[in-house]
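Sequences listed follow chains A and B, in order.
Just so we're on the same page, this note's numbering is the position in the first sequence counted from 1, plus 5.
Just so we're on the same page, this note's numbering is the position in the second sequence counted from 1, plus 19.
Take the hints with a grain of salt, since some may be wrong.
Short derived list, chain B residues pointing at chain A, Cβ under 10 Å [claimed, not checked]: (1) L46; (2) S47; (3) K50; (4) D145; (5) G148; (6) T150; (7) M265; (8) D481; (9) E490.
Here's a subset of chain B near chain A, in silico, CB distances under 7 Å, partners left out [stated by the list, open to error]: (10) R391; (11) E393; (12) P398; (13) D503; (14) T504; (15) I505; (16) L568; (17) V586.
To be clear, the hints were calculated from the coordinates, so they are not data collected in a lab.
Note that the coordinates shown come from a computational prediction; the quantities given were computed from them, not determined experimentally.
Idealized CB from N, CA, C, for every residue including glycine.
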Amino acid sequence: MKEQLKAIEAKAREELSKASDLKSLDEIRVKFLGKKGEITAILKQMGKLSAEERPVIGQLANTVRADIEEALTSAQNDLKSKAAAKKLEAERIDVTLPGKLPRLGSAHPLNATLAEVEEVFLGMGFDIVEGPEVETDHYCFEALNMPKHHPARDTQDTFYINENVLLRTQTSSVQIRTMENRKPPIRIISPGRVYRSDAVDATHSPLFHQIEGLVIDKGITMADLKGTLEMLLKRLYGEETQLRFRPHHFPYTEPSAEVDLMCFNCRGKGCSMCKQEGYVELLGAGMVHPKVLEECGIDPEVYSGFAFGIGLERITMGRYNINDMRLLYENDMRFLGQF
Amino acid sequence: MDLSMRWLADYVDCKCDIKKFCDEMTLSGSKVECFGEEGDYLSNVVVGHVVDIVPHPDSDHMFICQIDVGEAEPVQIVTGAQNVKKGDYVPAAKHKSTVLHDGKPVKITKGKLRGVASNGMLCSLDELGLTLHDFPYAIEDGIFILGDDCDKTVGKDIREAIGFDDKVVEFEITSNRPDCLSVTGLAREAAATFNVKADIKEPQFKGVDGDINSIMSAEIHNAELCPRYMCGYVKNVKIGPSPRWMRERLRASGVRPINNFVDITNFVMLEYGQPMHAFDLRYVSGAKINIRNAKQGEKITTLDGVERELSEEMLVIADAEKPVAVAGVMGGEYSGIMDDTTAVVFESACFDGASVRTTAKKLGMRTDASARFEKGLDPENTYPALMRAFELVEELGCGEVVRTFIDCYPVKKERRGVTFDAAWINGFLGTDIPEAEQEEYLTRLGFEIKDGKAYAPYYRIDIECKSDLAEEVARLYGYNKIPDTIIRGVANAKLTRKQKFERTVTSAMLGMGVNEITTFSFISPKYFDKIRLPQDSKLRNTVVITNPLGEDTSVMRTTILPSVLEVLARNYSFRNPECYAFELGNEYIPVEGEVLPEEPERLGVGLYDTSDKIDFYTIKGMVEELLDKCGAPGYEVARPAEDTVFGEVSAFHPGRVAVITIDGREIAIFGELHPETLENYGIGCRAYAAKVLVPELMEYCIDQKTYKPLPKFPATTRDLSLICDDELPAAVIEKTIRTAAGKLLEKVTLFDIYKGQQIAEGKKSISYSLTLRSHEGTLTDDQADKVMDKVLKALAEQGAELRA
Numbered sequence: 006m007k008e009q010l011k012a013i014e015a016k017a018r019e020e021l022s023k024a025s026d027l028k029s030l031d032e033i034r035v036k037f038l039g040k041k042g043e044i045t046a047i048l049k050q051m052g053k054l055s056a057e058e059r060p061v062i063g064q065l066a067n068t069v070r071a072d073i074e075e076a077l078t079s080a081q082n083d084l085k086s087k088a089a090a091k092k093l094e095a096e097r098i099d100v101t102l103p104g105k106l107p108r109l110g111s112a113h114p115l116n117a118t119l120a121e122v123e124e125v126f127l128g129m130g131f132d133i134v135e136g137p138e139v140e141t142d143h144y145c146f147e148a149l150n151m152p153k154h155h156p157a158r159d160t161q162d163t164f165y166i167n168e169n170v171l172l173r174t175q176t177s178s179v180q181i182r183t184m185e186n187r188k189p190p191i192r193i194i195s196p197g198r199v200y201r202s203d204a205v206d207a208t209h210s211p212l213f214h215q216i217e218g219l220v221i222d223k224g225i226t227m228a229d230l231k232g233t234l235e236m237l238l239k240r241l242y243g244e245e246t247q248l249r250f251r252p253h254h255f256p257y258t259e260p261s262a263e264v265d266l267m268c269f270n271c272r273g274k275g276c277s278m279c280k281q282e283g284y285v286e287l288l289g290a291g292m293v294h295p296k297v298l299e300e301c302g303i304d305p306e307v308y309s310g311f312a313f314g315i316g317l318e319r320i321t322m323g324r325y326n327i328n329d330m331r332l333l334y335e336n337d338m339r340f341l342g343q344f
Numbered sequence: 020m021d022l023s024m025r026w027l028a029d030y031v032d033c034k035c036d037i038k039k040f041c042d043e044m045t046l047s048g049s050k051v052e053c054f055g056e057e058g059d060y061l062s063n064v065v066v067g068h069v070v071d072i073v074p075h076p077d078s079d080h081m082f083i084c085q086i087d088v089g090e091a092e093p094v095q096i097v098t099g100a101q102n103v104k105k106g107d108y109v110p111a112a113k114h115k116s117t118v119l120h121d122g123k124p125v126k127i128t129k130g131k132l133r134g135v136a137s138n139g140m141l142c143s144l145d146e147l148g149l150t151l152h153d154f155p156y157a158i159e160d161g162i163f164i165l166g167d168d169c170d171k172t173v174g175k176d177i178r179e180a181i182g183f184d185d186k187v188v189e190f191e192i193t194s195n196r197p198d199c200l201s202v203t204g205l206a207r208e209a210a211a212t213f214n215v216k217a218d219i220k221e222p223q224f225k226g227v228d229g230d231i232n233s234i235m236s237a238e239i240h241n242a243e244l245c246p247r248y249m250c251g252y253v254k255n256v257k258i259g260p261s262p263r264w265m266r267e268r269l270r271a272s273g274v275r276p277i278n279n280f281v282d283i284t285n286f287v288m289l290e291y292g293q294p295m296h297a298f299d300l301r302y303v304s305g306a307k308i309n310i311r312n313a314k315q316g317e318k319i320t321t322l323d324g325v326e327r328e329l330s331e332e333m334l335v336i337a338d339a340e341k342p343v344a345v346a347g348v349m350g351g352e353y354s355g356i357m358d359d360t361t362a363v364v365f366e367s368a369c370f371d372g373a374s375v376r377t378t379a380k381k382l383g384m385r386t387d388a389s390a391r392f393e394k395g396l397d398p399e400n401t402y403p404a405l406m407r408a409f410e411l412v413e414e415l416g417c418g419e420v421v422r423t424f425i426d427c428y429p430v431k432k433e434r435r436g437v438t439f440d441a442a443w444i445n446g447f448l449g450t451d452i453p454e455a456e457q458e459e460y461l462t463r464l465g466f467e468i469k470d471g472k473a474y475a476p477y478y479r480i481d482i483e484c485k486s487d488l489a490e491e492v493a494r495l496y497g498y499n500k501i502p503d504t505i506i507r508g509v510a511n512a513k514l515t516r517k518q519k520f521e522r523t524v525t526s527a528m529l530g531m532g533v534n535e536i537t538t539f540s541f542i543s544p545k546y547f548d549k550i551r552l553p554q555d556s557k558l559r560n561t562v563v564i565t566n567p568l569g570e571d572t573s574v575m576r577t578t579i580l581p582s583v584l585e586v587l588a589r590n591y592s593f594r595n596p597e598c599y600a601f602e603l604g605n606e607y608i609p610v611e612g613e614v615l616p617e618e619p620e621r622l623g624v625g626l627y628d629t630s631d632k633i634d635f636y637t638i639k640g641m642v643e644e645l646l647d648k649c650g651a652p653g654y655e656v657a658r659p660a661e662d663t664v665f666g667e668v669s670a671f672h673p674g675r676v677a678v679i680t681i682d683g684r685e686i687a688i689f690g691e692l693h694p695e696t697l698e699n700y701g702i703g704c705r706a707y708a709a710k711v712l713v714p715e716l717m718e719y720c721i722d723q724k725t726y727k728p729l730p731k732f733p734a735t736t737r738d739l740s741l742i743c744d745d746e747l748p749a750a751v752i753e754k755t756i757r758t759a760a761g762k763l764l765e766k767v768t769l770f771d772i773y774k775g776q777q778i779a780e781g782k783k784s785i786s787y788s789l790t791l792r793s794h795e796g797t798l799t800d801d802q803a804d805k806v807m808d809k810v811l812k813a814l815a816e817q818g819a820e821l822r823a
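Extracted from the complex, chain A is given alone in its bound form (with noise of 0.2 Å):
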């Protein structure tokens, strides 16, 4: 029997060897491990041994079932690995095909600058404030310290409505109400649409955006004036940015600035791109001119503030190296999906 059971065993590897698919493995574990199989026969004489062979004999038995019972797993592992692997190989795929994307929109450039410098600005403590496009001619020139008549409106040419309603030349007009409406300190910035007439060029829009920002408090020097603006376009255009300050002349400021961006291209030697000047203009600023305060309701006494006007299509072409402004408002697909 010891010889029958090796036999089996034998037997049962080699047809496992041969076996090529889940279903002959199947066969096999009934032919030789199932209720009829060979080794359940060899069980059944099992009576005719003497009490000395049968433990032997049925231990050798077990062992046997075992190891065929091992095989089988064994070469059902190996089936299935295999014909994973087959599966795997049939679809290998040509990974350089184009991908296929779900479509995301695109932040317009203007708007994708704009909540960049809102973001700079909020975590400096400055809230966002709006008014309106369409605005008196009081808000937009009169309470800042530009009467009637003042030459300086020239440098702002403005579409009227009517003799009193026109289109804000500036987002100043919203410093004003703001600074009705709210006790100091105020720290604030608001962007918008401003209109001048201006006709369309590469450089000319007859609309464009400002954010302009206003602090008032008590102790506000220029000195902070310029920390802030430092700090903004630090983090717009990089640590290695630097400004130059120049005295200039705004009718609601006093002192007033313009801030110019040493050129990235010359670094301040002077090149074609910054017409030999080494400087590039950026905005407009200064401390806040007492008048204006005055005609607020805020005592210049009290209190001093600085404000500033930044043109948002300025510094949103310097960062995407946009050359002409009408393609800010054109509109295609195929400029704006670049962003």
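Given chain A, put chain B in place with the hints provided.
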């Protein structure tokens, strides 16, 4: 303002090169736009002496000249000009030189003219880039023969020899500093900037005896508009060209020399910033000058030959009978200097800036003089200007100045002192500049410090308050030396609900693959026709711009839709295969009885895709997804009512347009565009649009989202296939199901619509999958059947039967 550096050098020596001059002036507040050099296009053109001239053997109009250009041998040059004589000094362009031809630089090289070698060219004024105004003694068609006012050193660079080598700096002068629109003003600024002394002497004249009052008189009738009027009389006038030094200074400043008297007025204006007027007393009736308001309807023909009607608020210079000049703007027809003028009156006056500005604007003629008066000049400035004119007349020897002159100055202007507080200035600037240093800066700028006050020089009309002094100190100290500090104190900033809501809307649209656009807020009224608005639509009532750039941008939009459609059209014309666009922008709605219009915020969406990937349900899906992301509560979708608030409904396909309402209030319209709309915009494929009322939507939306526990018990799904009239809207069926099923219904999903075979004409088959779930336990079949029975009963009432 173009500044002649030669002229500046008459007053101040900054001891530096031009680049440094420009940089430092810019940093102290006089912004330099650019600088250039006169005649810099000329090269290798020198003074030549004609040592011999003979006719060309093979030409009857050319000459062969031997020109001494300061080299070992004379240079042979052939010329076609007829005005060259032996002994003349001429501009000689040598081999490899550059001159102007038709206003453009051209290279001159040696060559042959009718077989004779010519090693250069003799030049006319035109070829140097000059005109007869610069050298009145030259002739129009011929070589420029150098006069005695030129340096005749042979071989000398021609630009140097004739004074055509000035450097010119262009300044951008701000409107508060009209004093810097002058050579002396900039000389003072330069002196303060470089901390050197400016040598500006008070002009002096000798004069001849005579009583001005017996010659003429002047009277101011409106001292508010004319604070000061000065004039003086010059007799035995000799009109002629002015000397070269004056001509070249005018030319470098961009002013054309005319004759000595006109030139003197321009010279003084440029030098002192004070507009001057010179006129012939013969044309002043009664030799009496009245500075008065014009009479309504009074007319004057100005120097430019145009007859202009005046109105009462305008100030005129009048004689006994009629206006002879519009004050501060332009003289009258006969007020100018003629060739036969023998006596000249110089006027140096101060007029109110706002008045000059209004008058010039109303008459439509801005002149150099009016541009200066507009900014507000100081009455004190009239005196040195008039004295300078007299001094120049004597220097040029072109007339006799009567020693006495007229000075109407009703109210002498008081010098205004501004409190000077060095500590306050430091506190304001955030600096630590010692008081003495601050005083030094102010003194350099001509201020006088006395008893704690700073008195500005008269020409500084802009100094009014403490912060003005702070600016003066700061700009000489150097803006860039002021430290950079961080604002003290804490501030708590946050976005408003509106700003957060806008961000939600934007990110939802971007997430759905729609690009953000930015369009103009003004449109053409014709756009209303393009979107097929009825003639009586209230959207045609717009905020109108009175002075638009053009019709295309002449009214503020009352609907965002045409702006979006313009973008679709433009992209279609660019042959872009698809366009998915949205804008979050304002509309501008006039409000009866209000000064300002309303500016409600709208979301405009426009889509087309030539690959036919999208349809009505794409735009619908987007709007619904947007509402969902914004936290909108239950809403209804229906065809627009007759009286919909959306006037733009006309732009849409009548069968493919829907309106969303929340609580009965219309919030959005969307749909496919009307074929005629598409045609009007030249869009050749189907396109879709939506408009959402943003603030109205926000009112209904819930900011705070709360978590609902995930279901603990399994759901039961039941499918329903119904047959109903084709006209029965799906929304009605869905609403019926929801109402009938009640709380246990979790979800209804439409999964099929079928029309055609096996379905009767005018009917449709419509199939839904219902998900039922209880939060209290697993639903039994019985419970689910009960729900379905109720649903079917309710559907039957709507005419929808279970499909057999």
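Is the shortest C-beta separation between E490/B and chain A less than 10 Å?
holds, 3 Å
Report holds or violated for the interface hint on D145/B, using the least CB-CB distance to chain A and a cut-off of 10 Å.
Constraint on D145/B not satisfied, violated at 30 Å.
Status of the hint placing P398/B at chain A (closest C-beta pair under 7 Å)
violated, 18 Å
Residue hint V586/B, partner chain A, criterion CB-CB below 7 Å:
Constraint on V586/B satisfied, holds at 4 Å.
Given T504/B was flagged as interface, is its beta-carbon under 7 Å from a beta-carbon of chain A?
At about 4 Å, which falls below the 7 Å cut-off, the nearest Cβ of chain A leaves the hint on T504/B intact, so it holds.
So, as I understand it, the hint says L568/B touches chain A; can you test that by seeing if any CB pair is closer than 7 Å?
L568/B check passes; min Cβ-Cβ to chain A is 6 Å, inside 7 Å.
Interface restraint verdict for M265/B against chain A (beta-carbon cut-off 10 Å):
violated, 30 Å
Hey, does the R391/B contact hint survive, CB to chain A under 7 Å?
violated, 10 Å
Can S47/B be said to touch chain A, with a Cβ gap under 10 Å?
Cβ of S47/B sits 7 Å from chain A, so the hint holds.
Given a cut of 10 Å on the nearest C-beta pair, is the interface hint for G148/B held or broken against chain A?
Hint on G148/B: violated, closest Cβ of chain A at ~22 Å, above 10 Å.
Let me know if the C-beta of E393/B comes in closer than 7 Å to any C-beta of chain A, holds or violated.
Holds. Min distance 5 Å.
Given K50/B as an interface hint, is its Cβ closer than 10 Å to any Cβ of chain A?
This interface hint holds because 7 Å falls under the 10 Å limit.
Going down the numbered hints, you'll see the structure goes against 4, 5, 6, 7, 10, 12, while the others check out.
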